[in-house]
Amino acid sequence: MHDFFVLLKQEIFYRKTYEYFKQLESTIHEYVNFYINTRIKIKLKGLSST
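For the sequence shown, counting from 1, position 38 maps to 51 in this note's numbering; every step adds exactly one.
In short, the hints are calculated from the structure, not lab data.
Take the hints with a grain of salt, since some may be wrong.
Simulated pairs of lysine to aspartate or glutamate, DMTMM-like, Cα-Cα distance not exceeding 25 Å [what the hints assert, rightly or not]:
1) K29 - D16
2) K22 - E43
3) K22 - E38
4) K22 - E32
5) K29 - E43
6) K35 - E24
Hey, can you work out the whole structure from these sequences and the hints?
In structure tokens, the structure reads:
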């Protein structure tokens, strides 16, 4: 779980300045969706994590 938050901060929080909190919130939701549905499957060579 620690790795997830490190990646989140590196890829989302530190790379861009957000004018509004809603922009950051939306970007985080998109990243979480990507992380759960795409990134893990790539790491598992297309297999589901469940």
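Ascending list of hint numbers which this structure does not respect: Failing hints: none at all.
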